[in-house]
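Protein chains: 2
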Amino acid sequence: MKFFSSTQKAYLAGFLDGDGSIYVRIKPNKTYRYGFQVAPSVILFQSSKGKKNFEKICSMIKLGYLRERNDGVLEYTINRVDAIRKFLLAIQPYLVLKQEQAKLMLKILSSKEKIKNQKDFIALTKLIAKYAELNYSKKRKNRKEFVY
Amino acid sequence: MKFFSSTQKAYLAGFLDGDGSIYVRIKPNKTYRYGFQVAPSVILFQSSKGKKNFEKICSMIKLGYLRERNDGVLEYTINRVDAIRKFLLAIQPYLVLKQEQAKLMLKILSSKEKIKNQKDFIALTKLIAKYAELNYSKKRKNRKEFVY
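Residue numbers (our numbering), protein chains in the order written: chain R, 1 to 148; chain X, 1001 to 1148.
Only chain R is shown next, with the shape it has when bound in the complex (with noise of 0.2 Å):
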């Protein structure tokens, strides 16, 4: 990932802004300190039938693992915190939808690594709430058509 070049980086920014995501799931689960796991992730979508060229591009990242859902939809799933850290960072200078998710998940990585006490991980659960924010759909207006 270190070498890639910036039309490759540029390239990933694209994709995951027309097909991708970036978000934290809260669950719960006793075994971990404060009684929640924070699982982060970046995912990029594919249908089967490109499957083929989609390794290519999986191949090329080398940071997560490729799924098959039962649907069909393929799913390359980057969920280690340096691999996500070293993704997001590699390809932000060129995004343009994910921008401002690309940011917060960032910092809650960094808040992520940072957590002593309760407090802090009550912080941490509020950073992650703000992606609902980023995520719910914007009050439309009734224009409909544009030409550019």
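No wet-lab data here; the hints were simulated from the structure.
Hints are not guaranteed to be accurate.
Stated by the list, open to error - Facing chain X, a subset of chain R residues (Cβ under 7 Å, in silico): (1) Ser-6; (2) Tyr-11; (3) Phe-15; (4) Asp-17; (5) Asp-19; (6) Gly-50; (7) Asn-53; (8) Lys-56; (9) Val-96; (10) Leu-97.
Model, not experiment: these values are computed from the prediction.
All residues carry an ideal CB built from backbone N, CA and C; glycine is no exception.
Dock chain X against chain R, hints included.
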């Protein structure tokens, strides 16, 4: 578009690979010489939640029009022959998943312009039929997960 940088072209290639479509419809229409309208298009999709930023991408391309479907999905459509050619020639070096579709589309646009008789028109429809092969799902393998 002609002033696009290489990273902008790569970004748009990634976006089209992620959530775009290159195709040609053949619509029966008696007012056309051979009884059919051949309508090529390149479309970028986005859910309405990212509208504001998606408009930035559309303004950058300036070769088509933005439409909001009733289900809220945004479609940026490029359907003028010269505009499709300009767009595809710019991003083609960076396409990974839709490289073959782009080549086929450019071939179709050329033969569309050279049509002189019914025979040429039939050859064109055969070329268009090749999209079906490109877009149909390949036989699935049973491997479900890979690590890259």
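Each hint tested on the structure:
no.	hint	result
1	Ser-6	5 Å, holds
2	Tyr-11	4 Å, holds
3	Phe-15	4 Å, holds
4	Asp-17	6 Å, holds
5	Asp-19	4 Å, holds
6	Gly-50	5 Å, holds
7	Asn-53	5 Å, holds
8	Lys-56	6 Å, holds
9	Val-96	6 Å, holds
10	Leu-97	5 Å, holds
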